[in-house]
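Peer 1: Can you make the complete structure from the sequences, with help from the hints?
Position 7 (the sequence shown) corresponds to 46 in the working numbering; numbering is contiguous.
In short, the hints are calculated from the structure, not lab data.
The calculated PhoX-like cross-link candidates involving lysine-lysine, where the alpha carbons are at most 20 Å apart (straight line), are: (1) K128 <-> K95; (2) K96 <-> K142; (3) K128 <-> K142; (4) K96 <-> K128; (5) K90 <-> K128; (6) K142 <-> K95.
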Amino acid sequence: MAALVASLGSLQLPARLGFLTSLEPWLVSLRCASKKSSGASKNRGGNSPGKRYGWKKLDGDFVHTGNILATQRLIRWYPGANVGMGRRKTLFALEDGVVRYTKEVYIPPPRSLGAARGG
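Peer 2: Set out below in structure tokens:
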């Protein structure tokens with residue numbers, strides 16, 4: 040191999056190559072980075088589990104302060120007496136007691152956005 044390199048190095052290159060003076064750089068193999076282009080992926084994550092929204096404590100259950108009563112993505116249920124609403128619209132107990140669910144008509148305050156739209 041060394042004899043081949045020595046014999047090729049002694050060859051004269053044409054003047055038009057200019058910046059190359061020997062054939063040694065041609066003997067070195069180079070690989071450039073490349074990535075094969077691919078088609079659209081079909082994996083869209085359709086098998087993800089649900090978020091488990093809904094009631095966590097039922098009517099008549101005894102709860103302690105801070106227990107989560109319900110989780111919801113949109114506001115479906117409004118907090119009543121001794122119930123607070125968390126940052127993600129989670130309803131939680133403010134005091135120890137028995138859970139009671141009631142169905143009442145919600146009347147928004149007069150200056151709220153819901154009252155301006157008509158309900």
